[in-house]
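For this one, chain R is given, so just place chain B on it according to the hints.
Protein chains: 2
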Amino acid sequence: MKKIGTNTFKLDDLISIVSTASIVGPKESDGPLKEYFDKCVEDEFWGEKSWEKAESKFIKEASISALNKSSLAATDIDCIFSGDLLNQCISSTFGMRDSNIPFYGIFGACSTFCEALSLGSVFIDAGANNVLCATSSHFCSAEKQFRFPLELGNQRTPNSQWTVTGAGSVVLSRNGKGPFITHFTPGVITDMGIKDANNMGAAMAPAALKTLITHLSDTGRSPDYYDMILTGDLGYVGKDILIKLAAEQGYDISNVYNDCGVLMFDQAKQDTHAGGSGCACSATVFSGYIYKLLVEKNISKVLLIATGALMNATSSQQGESIPGIAHAVAIEL
Amino acid sequence: MKKIGTNTFKLDDLISIVSTASIVGPKESDGPLKEYFDKCVEDEFWGEKSWEKAESKFIKEASISALNKSSLAATDIDCIFSGDLLNQCISSTFGMRDSNIPFYGIFGACSTFCEALSLGSVFIDAGANNVLCATSSHFCSAEKQFRFPLELGNQRTPNSQWTVTGAGSVVLSRNGKGPFITHFTPGVITDMGIKDANNMGAAMAPAALKTLITHLSDTGRSPDYYDMILTGDLGYVGKDILIKLAAEQGYDISNVYNDCGVLMFDQAKQDTHAGGSGCACSATVFSGYIYKLLVEKNISKVLLIATGALMNATSSQQGESIPGIAHAVAIEL
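Protein chains in written order, with this note's numbering: chain R, 1 to 333; chain B, 1 to 333.
There could be a bad hint or two in this list.
Identical copies carry no separate label here, and so any pair may be met within one copy or between two of them.
Claimed, not checked - Distance condition first, Cα-Cα at most 27 Å in a straight line; then the derived DSS-like pairs of lysine-lysine:
hint	residue 1	residue 2
1	Lys-244	Lys-177
2	Lys-2	Lys-177
3	Lys-49	Lys-3
4	Lys-53	Lys-301
5	Lys-3	Lys-177
6	Lys-244	Lys-144
7	Lys-144	Lys-195
8	Lys-195	Lys-49
9	Lys-269	Lys-39
10	Lys-195	Lys-177
If you are wondering where the hints come from, they were derived from the structure by calculation, not from laboratory data.
Isolated chain R, as found in the complex (with noise of 0.2 Å):
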């Protein structure tokens, strides 16, 4: 690979894209996007005793279900880079735990999946053969986590977001007729004082748009190059902020931009209020819906910027403000 720019890798090696695979929850099943995705799961336990345990089953059976697809076996998987939401990563690694597949936890919160994709293109580029990439987040394991007990009923704020249930995962190589990664933009962590941690749209839009100048910049390319410039989980309110901050900056991006989050759920119908998020609103988004259009050559590049919030309930209660990151990766037929 090779820098261009400030901050951005144009990657030597074709990294191909081979198979993707989406598991998700029921709520995502009654959204716009239920077509897409291989499988849909009516019950948020999904016949475990635990969301902990359910969310390792979305990630385990997503990847399984993703290197079926791609037609390697499991031995030809020189790696594995996953990430979740739990603390220490559980999901990851309790649902991998089984593959015998060389693991690297990778940990960007909501941006865990572009932070994948990155990582396995440069792994590949580099000499490696083949990797699976694998994201999940789980509505309850989530909240049980970072806000309150489910059972509480607690309402929630106009500004808030609903954490995806699901995984996504996908298997690169450099062996494959695409789509194919070609540029990725690691992320720089970017914090405007942000505190409230119920607003995590408005918290990483900044960083998003950092990644998205610096992605333009660097490639030379305006925002229309791209066919769809896709968020990761802004969501409502932080698309309509990321929208604003990019004008500001004599981008306009309204055409070809949307988040994955507002993509995910009907808002009229569906409740979420702010829209998706959560490391598998992206994964799942990607995996289901956007590497369908590029298969079927109804677009031909995407920019897709994985968003992330980098806190935890303790930094939030110590008074922190929220760390935003946000990674690109240019994915092209």
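What follows is chain B alone, placed relative to chain R:
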């Protein structure tokens, strides 16, 4: 890089460790390695209002120190690989918040330091120039999060280990005179059913064995090829187990093998029970002690195998066993 054997990668480029820095807390400053650390802090809070904020300061200051020693500017660093034990890795994210350097968060529990060295090497092998790797842990923040409030004064079990307070940071570069990272063997998640969260050494030893045997088998090297084989934090219990398990597999490692958690504290004078642990254990012992042995040519070949327990408090409460992982990195003059 080229894959050799089943799971080992030989790096094409010479990845030089151009600088290291280590900062430790008060207990570590009383241990046998005190003269090797760059900075010994006398107060667990280090002037901050919480242990979490102090841990962020450890990783931030260690990284600034390593960067300064490298004579590189922050703008020369292509990206940071960093992680820690706190929920959602907040020590790393808050510690690196002001760096303005592209940031990849990683999580391998106490194996994170070798995961960082591996992925940093891959990043340079693929085409980047310079990478910063850093990990931290803190006894007080770890006890509070994983076990009991320190104020309770709970008795610790004989097999329990003492989380190292500190941070280690290294700068990797494609330009440098060594020591060089020449090979790495990523770990496979290994779970032998250990459920005692106060016996991490036993939980992680089988993972260390698997990575060690894989590395030796893939490279065709015997244990004696290395001047030193070092695990990250198996402690006294895990160290004994690994020696026995390796002997059962036909490898006598007793002459060249030691553990960073054993080296860190004085067993007779410092009451740590089974030795040191934590992301900072291998990071500070390597950055402080081992790196200097290499630079001064007292040793020339080291295999560092950082070990991690991939669980959290919830998984233990839900009756899960403790999956282990171990990532190996070969460092040679």
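* Is it within, between, both, or neither for Lys-49 and Lys-3, if the alpha carbons may be no more than 27 Å apart? -> neither (47 Å within a copy, 40 Å between copies)
* Asked: Taking 27 Å as the upper bound on the Cα-Cα distance, should Lys-244 and Lys-144 be classified as within, between, both, or neither?
  -> Cα proximity of Lys-244 and Lys-144: none, with 33 Å in one copy and 42 Å across.
* Asked: Taking 27 Å as the upper bound on the Cα-Cα distance, should Lys-53 and Lys-301 be classified as within, between, both, or neither?
  -> Classified as neither: same-chain Cα gap 36 Å, cross-chain 42 Å, threshold 27 Å.
* Status of Lys-39 relative to Lys-269 across identical chains (alpha carbons, at most 27 Å) -> within (22 Å within a copy, 58 Å between copies)
* **Intra/inter-copy verdict for Lys-195 and Lys-49 if alpha-carbon distance must be at most 27 Å** => Intra 34 Å, inter 18 Å, cutoff 27 Å: inter-copy only.
* Please work out whether the CA atoms of Lys-244 and Lys-177 approach to 27 Å or closer within one copy, between two copies, in both situations, or in neither? => neither (37 Å within a copy, 49 Å between copies)
* To do: State whether the alpha carbon distance between Lys-2 and Lys-177 is at most 27 Å within one copy, between copies, both, or neither.
  => both (22 Å within a copy, 23 Å between copies)
* Pop the pair Lys-195 and Lys-177 into one bin, within, between, both or neither, using alpha-carbon distances up to 27 Å. => neither (45 Å within a copy, 45 Å between copies)
* Asked: How do Lys-3 and Lys-177 come out at 27 Å by Cα distance, when the copy is not named: within, between, both, or neither?
  -> Answer is both: 24 Å inside a copy and 23 Å across each meet the 27 Å cutoff.
* Asked: From the Cα coordinates, with 27 Å as the cut-off, is the pair Lys-144 and Lys-195 best called within, between, both, or neither?
  -> both (20 Å within a copy, 24 Å between copies)
The structure fails to meet hints 1, 3, 4, 6, 10 from the earlier list, while all remaining hints are met.
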